[in-house]
Amino acid sequence: MNKRKVLYNIEVMSFKSFNLSDNMTNALSKLGYHEPSPVQKAVIPKALRGTSLLAQSETGSGKTHSFLIPLIEKIDMNLNRPQALIISPTRELARQTYEFAFAFTRFFPKLKVRLYTSEADVSDNLEGKSVPPQLIIGTPGRLEDLLITKHIFFLGNMKRVVLDEADMLLDMGFFDSIEKIFANLDEPQTMVFSATLKQNLKDELLKFVRSDFEFENDKVMTSSGVKHHLVDIKHSGENPAILSFLNIRKPYLCLIFASTVEKVNSINRFLKENGVQTIYFTGSLDDRSRKKALREIKSNKYSVIVGSDILARGIDIPDITDVISIDLPNDLEFYHHRAGRTGRFGKSGDSWVFYNADSVAGPLALQKEGVKFDYFSLRGDELKPETLGPTEKRKLTHKKELPENEMKDIKIAKALSRTKGVEPGYKKKKKLAIEKVKRKYRRKAIRESVRKQLNKSFKGDED
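Numbering (the numbering used here), first residue to last: 18 to 480.
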């Protein structure tokens, strides 16, 4: 079999050109899907022919319907047995996919879809097992427990399997559960979808998943509709900087990312205390709180959402206009997932990365990877465009070399101001110590200049 890799130069076509059933084309039209995206144009015809494939495309490109459409189209509605399986890495992604799939039941009355995740008790998951679903959606651990350990359904008719956000499945350590599920299936058509397809992921996948076709967009990490901005907040503090930015920018719907749960909670609390209506979402919330938060987020009840990187992957929040990264994730690839929450499905959006002199490494690394930023500075109630970015500022800062003795005394001052633990005002103490050394050397330079001038005067008098 010949494996082919296809990029984005695909001719214009409509859903009708896929030879879908009238029922499906009518459903897509009524659900608001009129023209397939590039990944859908590449993948759907192959999927309908039973081809196993790997597909990589940026967030917001329509990957979910790339597999839902052919799965539902190929299900035998008269056969009440599991025929297709979608494996998602998180409860939120699984539920979102379920909601997309369940929307089709209006047009396919015999279609039965079930969701199996840890957000429900096992007893709840077992309800209704006397009428098996044709399409199963769930998370790896719960699927392994119900389908493999408890054998709640006969899997002999399971012909198609989708691994959604496969890189996340790998990173979260779910491949053992997935291998156990595949060991109980009879070589199904397998479709793997991911925002990234690194070589280590491909190597891991190909141990038990065949691939006859690859679709890969390796040129665009984030939608071309997203503009990237670096915002120098100096030392104004992250929380006050966010508040100032929101007051200046007044975004329609803003998603603020922080890398830790503690920072998410701090930002959310600070904004609420200052009169901003916000909601937050992290992986630390219990099941009930997570479901409630997602419902409220998707209801457009709040214009500011604060979240951890769990919100950066796959969860679709319509109409986000601005994304703020108050810091950058350790894995910079996640920046593209964050930025990809806006500018989705042909819309435009803005991604803002806050930084100061102590946190320029991440922005510089993103620039080296090819992210094209423009530059701003945030001062009080003013967001000003700048011509210089962190690279140019660093060059200016280090252009004038300090004398060796002064550098040595500055290092000593830094060391003497350092404490065993992180104390309040530590940075201010360090800054004052450094300024004291610099003032000392400025006074010394002035005295030296005066002495030279006096010497010149005395020499002139002698002449």
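Since the hints were made in silico from the structure, they are not lab data.
Because the structure is a prediction, the values reported are computed rather than measured.
In this text, a Cβ means the ideal position worked out from N, Cα and C, and glycines have one as well.
Careful, some of the hints might be misleading.
Said to hold, decoys possible - Derived CB-CB ranges, DEER-like: (1) Asn317 / Gly292: 16 to 22 Å; (2) Arg123 / Leu65: 32 to 38 Å; (3) Leu202 / Lys127: 22 to 28 Å; (4) Glu452 / Ser301: 22 to 28 Å.
Handout entry: Outcome for the supplied range 16 to 22 Å, where the beta carbon pair is Asn317 and Gly292
Key = Holds: the Cβ-Cβ distance is about 19 Å, inside 16 to 22 Å.
Handout entry: Leu202 versus Lys127 beta-carbon gap, inside 22 to 28 Å or not
Key = holds, 23 Å
Problem - CB-CB spacing for Ser301 and Glu452 relative to the 22 to 28 Å hint - result: violated, 41 Å
Handout entry: Hint check for Leu65 and Arg123 - Cβ pair distance inside 32 to 38 Å
Key = Since Arg123 and Leu65 have Cβ atoms about 22 Å apart, the given range 32 to 38 Å is violated.
Hints 2, 4, counting from the list given before, are not met by this structure.
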